[in-house]
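K.L.:
FYI, the numbering used here numbers position 137 of the sequence shown as 137, with every residue one higher than the one before it.
Read the hints as simulated data drawn from the structure, not as lab findings. Some hints could be false.
[Claimed, not checked] Now the in silico label distances, taken between C-beta atoms and shown as ranges:
1. 18 / 98: 24 to 30 Å
2. 201 / 18: 24 to 30 Å
3. 145 / 67: 37 to 43 Å
Computed from a prediction, not measured in an experiment: that's the story for all the values here. No residue lacks a Cβ here, since even glycine has one placed at the ideal position from N, Cα and C.
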Amino acid sequence: MNLDIPAPARVAVIAGTPYDARLGCDLLARMGVSASAYPMASSPDEQDALQYLGSGALNGAFRTELDAIGAQGTNTVMLFCNSLAAVVDIETAGWTSAVDVISPLDIYRALPPELTNIMVITGNGQATVGFERAVMRGGGDRRVLGVSDPALVRLIETRDAEAAFTRSSMPAMLRLAQDEGFDAVVFACTHFTSVLPLAQQACTVPIIDVGSRLVDLTCGRSGVFAGVLD
Numbered sequence: 001m002n003l004d005i006p007a008p009a010r011v012a013v014i015a016g017t018p019y020d021a022r023l024g025c026d027l028l029a030r031m032g033v034s035a036s037a038y039p040m041a042s043s044p045d046e047q048d049a050l051q052y053l054g055s056g057a058l059n060g061a062f063r064t065e066l067d068a069i070g071a072q073g074t075n076t077v078m079l080f081c082n083s084l085a086a087v088v089d090i091e092t093a094g095w096t097s098a099v100d101v102i103s104p105l106d107i108y109r110a111l112p113p114e115l116t117n118i119m120v121i122t123g124n125g126q127a128t129v130g131f132e133r134a135v136m137r138g139g140g141d142r143r144v145l146g147v148s149d150p151a152l153v154r155l156i157e158t159r160d161a162e163a164a165f166t167r168s169s170m171p172a173m174l175r176l177a178q179d180e181g182f183d184a185v186v187f188a189c190t191h192f193t194s195v196l197p198l199a200q201q202a203c204t205v206p207i208i209d210v211g212s213r214l215v216d217l218t219c220g221r222s223g224v225f226a227g228v229l230d
């Protein structure tokens with residue numbers, strides 16, 4: 001008997017909203033990696049409420065999702081949401097599941113030590129704290145200027161990246177990074193990958209896009225050549 005049972009996706013993309021979950025899957029697909037989307041909320045507003053007001057429930061839901069993903073035969077998760085990575089207890093959750101979780105924290109910890117003067121632009125304050133916590137634990141003498149722009153996240157979800165970028169505070173922040181001589185700007189919100197080409201055209205300071213690097217790292221662990229998105 002022939003049973004046409006589809007193979008499980010190689011990667012599960014857990015994200016804050018359907019937008020960034022789908023974005024993560026699409027970027028992986030461009031690199032030849034099949035992925036399935038697992039948004040934890042239906043909108044940025046719902047995700048913010050869960051992070052600030054229901055973090056315990058969010059942690060529980062995250063662990064349950066990991067166990068369900070593992071049970072389906074997928075053993076790699078790309079956590080494609082910076083603020084979510086700052087709130088859920090990834091290390092503890094990882095011990096309760098056989099699933100390998102690749103998260104923004106991996107990217108933060110791999111930042112070159114020579115980057116001592118960094119501007120980080122995030123989607124909410126949770127992501128800013130998560131970035132600063134990871135950088136401080138890594139040691140070294142670093143200056144971090146954190147800016148959160150939740151309005152840009154909501155504009156990007158309208159799916160007009162150019163209008164979202166133009167109407168946001170990001171162009172002004174990039175000019176400030178240039179004027180103040182920052183070593184790098186870190187985009188610590190996976191939504192911002194959608195406006196990365198526009199930002200790169202507007203800024204001479206190197207931009208480290210966490211979303212793109214997450215995709216590269218995930219492809220590397222999946223045995224696919226990475227580097228196309230940098």
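K.L.:
Against each hint, give a clear statement of whether it holds in the structure.
P.N.:
Going down the list of hints, with the structure as the test:
1. Remark: the range hint 24 to 30 Å for residue 18 to residue 98 is upheld by a beta-carbon distance near 26 Å.
2. Look at residue 201 against residue 18: about 28 Å separates their beta carbons, and that is inside 24 to 30 Å.
3. Here the CB-CB span from residue 145 to residue 67 is close to 39 Å, well matched to the stated 37 to 43 Å.
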